[in-house]
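> So the protein sequences, as listed, match chains A and B. With this note's numbering applied, the first sequence corresponds to residues 7 to 233, in that order. With this note's numbering applied, the second sequence corresponds to residues 36 to 138, in that order.
Derived from the structure by calculation, the hints contain no laboratory data. Be aware that one or more of the hints could be misleading.
Okay, the calculated bits of chain B under chain A, using three or more residues with CB under 8 Å as the criterion [said to hold, decoys possible]: (1) 61–75; (2) 92–98; (3) 101–111; (4) 122–128.
Computed from a predicted structure; not experimentally measured. We put the beta carbon where it would ideally sit given N, CA and C, even for glycine.
So the chains spell out like this:
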Amino acid sequence: MSSVDATGLAHHFEDLEQQRESATLGMWAFLITEIMFFGGLFGAYVVYRTMYPEAWDNGSRELDVFLGAVNTTVLIGSSLTMALAVRCAAKGNNKQVAGFTLLTMVLGFVFLGVKVIEYKAKYDHHLIPGPGFMYGGHAGGHEQIFFALYFTMTGMHAFHMIIGAGLMIWVILRALKNSYTPQNHTHVEMIGLYWHFVDIVWIFLFPLLYLLGRHGHAIGAATGGHH
Amino acid sequence: MSSEHSHPHITPIKIYLAVFATLIAGTWLTYWVAYKDFGWLNTPVAMAIAIVKAGVVVLYFMHVKWQSKLTMLYAAGGFVWLLTLFAFTLQDYFTRSWLPVYE
Numbered sequence: 007m008s009s010v011d012a013t014g015l016a017h018h019f020e021d022l023e024q025q026r027e028s029a030t031l032g033m034w035a036f037l038i039t040e041i042m043f044f045g046g047l048f049g050a051y052v053v054y055r056t057m058y059p060e061a062w063d064n065g066s067r068e069l070d071v072f073l074g075a076v077n078t079t080v081l082i083g084s085s086l087t088m089a090l091a092v093r094c095a096a097k098g099n100n101k102q103v104a105g106f107t108l109l110t111m112v113l114g115f116v117f118l119g120v121k122v123i124e125y126k127a128k129y130d131h132h133l134i135p136g137p138g139f140m141y142g143g144h145a146g147g148h149e150q151i152f153f154a155l156y157f158t159m160t161g162m163h164a165f166h167m168i169i170g171a172g173l174m175i176w177v178i179l180r181a182l183k184n185s186y187t188p189q190n191h192t193h194v195e196m197i198g199l200y201w202h203f204v205d206i207v208w209i210f211l212f213p214l215l216y217l218l219g220r221h222g223h224a225i226g227a228a229t230g231g232h233h
Numbered sequence: 036m037s038s039e040h041s042h043p044h045i046t047p048i049k050i051y052l053a054v055f056a057t058l059i060a061g062t063w064l065t066y067w068v069a070y071k072d073f074g075w076l077n078t079p080v081a082m083a084i085a086i087v088k089a090g091v092v093v094l095y096f097m098h099v100k101w102q103s104k105l106t107m108l109y110a111a112g113g114f115v116w117l118l119t120l121f122a123f124t125l126q127d128y129f130t131r132s133w134l135p136v137y138e
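Produce the entire structure from the sequences given, and follow the hints as far as they go.
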C-alpha cells in the first residue's frame, strides 16, 4: 500500500494537482473502455436494425415511451445533483456533498424501480427472448432480436447504475468523515465522471430504443402494452 | 484551459442549471420530433439531438471544458475510436451485397 499524507497526497506524486491530473486521465482511460464496451452493443444494434427494420419498429412500439421519458428526466436530474455534489466538495462543504449524493442515489433507485415495472410488463407480454417469446400472437420472429438487444443494453446500463449507487455510499461515508477539501476532492470528482457517463449512455438508448418506430403513429396511440 | 494549482474550478450554479434546462429541452424535442415523419432523416435528427446533449454533459458536467489539453485529447480520443469501430463494422456489413460472390 502507498503511504498517504494528511492532505490525501500519495507519496508517488509531486503534488495534489499532479495526483488529480493522473486520476482524471486514468478515469477517462477507463471511460474509453466503457465507450467501446457499449459501442459494441450499439454496433450490433445498427447492423440488426438495418437487416430487420420492420421488426425494430414493431419492437420499439412495444416499449412504454412515457416511462422511458420519465426515466430520462430522472436520470438527467441525478446528473445535476451529482454535479452539485462535486461542486460542494470543491468548496469543502461535506454536509452538502452527502446530501446531494444521497439525492443522486435516490434518483438512481427511482430509475431502477421504473425499469423493474417495465421489465415486468415485458415479461407479462411474453416479450422475453427465448422459447416463450411471442410477438403478435406468434412465437419467435425477428422482434426477438430487438428484445435481446433491448434487455442486454438496458440491463448493462442498469447494472452500471447499481455499481454507481454502491459508489455513492462510499462518497456519503467519506463526506460524513469530512474528508473532502477544496484542495483534494478527486474521489468524488471521479465518481461523478462515472455517473455522467452512465447518463450519456441513456441519452442515446432512449431515442434508439423507445422512439425509433413512432413516426407515422399518433402520440399516445401506441405507448407500449399489447394490443 | 488547465486549472490553477490547488485552486479548484468552481462552476457557477447558473451554468449547471442552464445545462440541466438544455438537457430537459433536448429530451422533449427528441420526443416531439419522433412523432413527425422525416422519412430516413428521423434517426439522424434524433442522433443529432443526442450528440448535442452528450456534448454538454461532457463539457460542463464532466468538466472537460476546464481540464488540461491532455485530458481533452484523451476524452476526444474515446469518441474517435468509437467512430472507427462503427466505420469498419458498417463498411463490412453494408457492402457485402455489393460484391459478386465467387464460387
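> Three residues minimum, CB to CB under 8 Å: does the stretch 61–75 of chain B make the cut for coverage by chain A? Let me know.
Coverage by chain A holds here, the residue count being 8 at a Cβ distance below 8 Å.
> If you count the residues of the stretch 92–98 of chain B with a beta-carbon closer than 8 Å to a beta-carbon of chain A, do you get 3 or more?
With 6 residues closer than 8 Å to chain A, the stretch 92–98 of chain B meets the three-residue bar; holds.
> Checking C-beta pairs, does the stretch 101–111 of chain B have three or more residues closer than 8 Å to chain A?
It holds: at least three residues are needed, and the stretch 101–111 of chain B offers 6 whose Cβ sits within less than 8 Å of chain A.
> Verify this for me: three or more residues of the stretch 122–128 of chain B with a beta carbon less than 8 Å from a beta carbon of chain A.
Held - the stretch 122–128 of chain B has 3 residues with a Cβ nearer than 8 Å to chain A, which meets the minimum of three.
Checked against the numbered hints above, the structure violates none of them.
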